[in-house]
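For the record, the sequence lines run as chains W and P. Under this note's numbering, the first residue of the first sequence carries the number 1, and numbering increases by one thereafter. Under this note's numbering, the first residue of the second sequence carries the number 1, and numbering increases by one thereafter.
None of these hints come from the bench; they were simulated from the model. All C-beta atoms, glycine included, are put in the ideal place defined by N, C-alpha and C. Mixed in with the good hints there might be a few duds.
As the list claims (entries may be wrong) - Simulated coverage check for chain P against chain W, where a stretch passes if three residues somewhere in it have a Cβ under 8 Å from a Cβ of chain W:
#1 229-238
#2 308-317
Stated by the list, open to error - Simulated restraints on C-beta separations:
#3 C142(W) x L318(P): 32 to 38 Å
#4 E147(P) x S122(W): 39 to 45 Å
#5 R339(P) x R139(W): 41 to 47 Å
#6 A225(P) x G89(W): 31 to 37 Å
#7 C142(W) x D336(P): 31 to 37 Å
#8 S122(W) x E182(P): 40 to 46 Å
#9 S111(P) x A110(W): 54 to 60 Å
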Amino acid sequence: MATSSVHALLATVRRHLWRAEFMAALRLALWASAGLLLVAVAVHLVVSPVPARAAGLVLALPWAALFARAAARRPDDAACALWADRHLGGASAFTTLVELDRVTAGRAHAPARRSLEQWAASRVPACLQQLATLPATTRLPCPLLSTAVCAALAGFVLSLPGRLPDVLPAPAVAAAVAERPLSVADAAVPSALVNEVASALRAAERPGPPEPQGAGGAPTAGPAKAGDGPAPAAAPPAAVPGDLVAVHDVRPATPVDTLPTPRGGTTSGGGTGREAGDSADRRGDGGVSRGLQARQPVPRSELGPRPASAARQADTNQLGSYQDDASAAGATGRLASPAPAAATPPAVAESTRLSPTETTYVQTWLKASTRRP
Amino acid sequence: MAEGEHQAAMSNPTASDSAYADAHRQLQGLQSLLGGVIVGQGELVTHLVTALFAGGHVLIEGLPGLGKTHLAKALAAALGLRWARVQCTPDLMPADVTGAEIYVSAAGGASSFEFRPGPVFAQLVLVDEINRATPRTQAALLEAMQEQQVTHAGTTHRLPRPFCVLATQNPIELEGTYPLPEAQLDRFMFKLIVPFPARTALRALLDVSLDAEPSDTLQAVASPADVLRITALCRSVLLAERIKEAAVDLVMATQPAPDAAASDARRHIRYGASPRALQALIRAARVRALMAGRAHVDVADLDAIALPVLRHRILLRLESELDGMDADTTLATLVDGWRRRL
């Protein structure tokens, strides 16, 4: 029968078109998988760890949807006939024949239909041959390669424990931690020392019995005034705060500007912000401040040769004095009645360095001494 | 041809399965015969045969001496048609075309008016330089073309079948001419442009028509009854819905769109093709399908006749004409877009 060969051709075309639908779905699914894998990698690195099971479930969804869609788009006879007319040289014969099959019998001229069937049947062998020689348009290598690369990348990244910050090396973490601002607890320590220094200064201003010697036996000296002359050469070297060997890392401390500066005058205790009364500041007894336990500064006399330093250091072996009306330029170190020694800085352990707290203490003490008129 | 023969041919369409093959064979033979007489004008011959068997009329435009008259004579001779020639001049009267009544004195003293048919009563009428005739004469001729009859003094005279008018126009020497209005141009199924023949065709023409007129000795390959039979057979050629939609799309593509994009050729059109153009497309496509040996129409048949059917039915905007656009260029762009959308 003429129409049987035409129906066979249409069935072959239907298989060809349906296969093309599935290949297109496969190509699209591969690209979608590659994209989803990249998204999973990004989410795993930036937001939160992605379980492999969840990633697999999300990957399966587009595959299922696309293949179900391809399965549902089965080409019908009209679509197959139209494709054969357009691509296999059917000259609208197959379309016309399929349409005639749908219309009620008798409307079409019988001889014309028979002539059409004969013409269509005569074209079937050539159409089948042309269909067999059509080049395949799969275009799968590119999406396959992309999906393979993305799958390898995702397999590696998803096997990592956590987010990107969690797997960074330790120095980076330490550097990050070091850049953080000081906590309140850290800031509280220098302020305690500041108060201690301030009270010690006030005690030094008031006339009274000399302060007991520090642990190193070195007599304490007041803070040197700016413009004071060099210390007498006969005076034995004293433990100068500036000469204390730092044995600890310097830590940032409370800015000195915020420290209560002692005012000029003999009665430095009044108006300095801390009502210490007339009693001497005994907190420094024993030569050890409250915050500097186990970190005893080493007296200068016990140290080795003093390193050359351009900075002028206070001579703790020589008693210093404070005069209210003495100008800084004119003063040349004239000593009045011996003033009570200032609080002895904690002794420096020979094998230790100054801690940041200690360094803050020394800096505060120096600054307070320079601010006195 | 007698009226009875015509009625028999029209009421008894072929019931033979070989009718389409026979028609295809006859059409192929006619084309090859005319191609041997008119050298280098194969496409012109094909279009002319198509229009004749589709029951339409043709307007031919070409320079003098390209064989237009020779072609009409050869066609009439090949089909055994009775043909007539009308040379239009400004003083041509309608009665010179349609016919007139003359006073005839019969024997015995009885006299009466007798209608003498004009040249339009032939089966194939060649109207040379129709744009030279006055509008009144043009109207009389075109009425006959449309109605297939002539009414004179209250009496209707039917024109013979088949009936086909081949009108010619000269694209030069337009001074003193009367261009056909659009409404009358629409009655022609095809407008054909006769190109200048190629060098090889010119050389072959010397061997064919130098010393003799081939159409004078041409043997007929078909009869007027065959023409009617094939014309009726063309009406039974199958037409799919897709082909009808494509023909409608083609006509719609020629409709004006002044606000179209710069790349759209429709912005050049002032008036597009009419529904009569759609009918002409389908009728001519059926004949082309039969010529190709098919009993069904393909979009390629529509594509082959698109330009001859549409080029005289669209009117371009004045601005586009001043910019150098012509109907053929615009239509070529539109048809190309239509073809890609199929």
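Going through the hints against the structure:
Counting residues of the region 229-238 of chain P whose C-beta lies closer than 8 Å to any C-beta of chain W gives 3; at least three are required, and the coverage claim holds. Coverage of the region 308-317 of chain P by chain W is violated [criterion: at least 3 residues with CB-CB distance below 8 Å; count 0]. Between C142(W) and L318(P), the C-beta spacing of about 54 Å breaks the proposed range 32 to 38 Å. A beta carbon spacing of about 43 Å between E147(P) and S122(W) agrees with the range 39 to 45 Å that was offered as a hint.
In this structure the supplied range 41 to 47 Å is violated for R339(P) paired with R139(W), their Cβ-Cβ distance being about 27 Å. A hinted range of 31 to 37 Å for the beta carbons of A225(P) and G89(W) is consistent with their spacing of about 35 Å. Take C142(W) and D336(P): their Cβ atoms lie about 33 Å apart, and the range 31 to 37 Å holds. Checking the proposed 40 to 46 Å range against S122(W) and E182(P) shows it holds: the Cβ atoms sit about 45 Å from each other.
In this structure the hint that S111(P) and A110(W) lie 54 to 60 Å apart at CB holds, the actual value being about 58 Å.
Violated hints, in rising order: 2, 3 and 5; the structure is consistent with all others.
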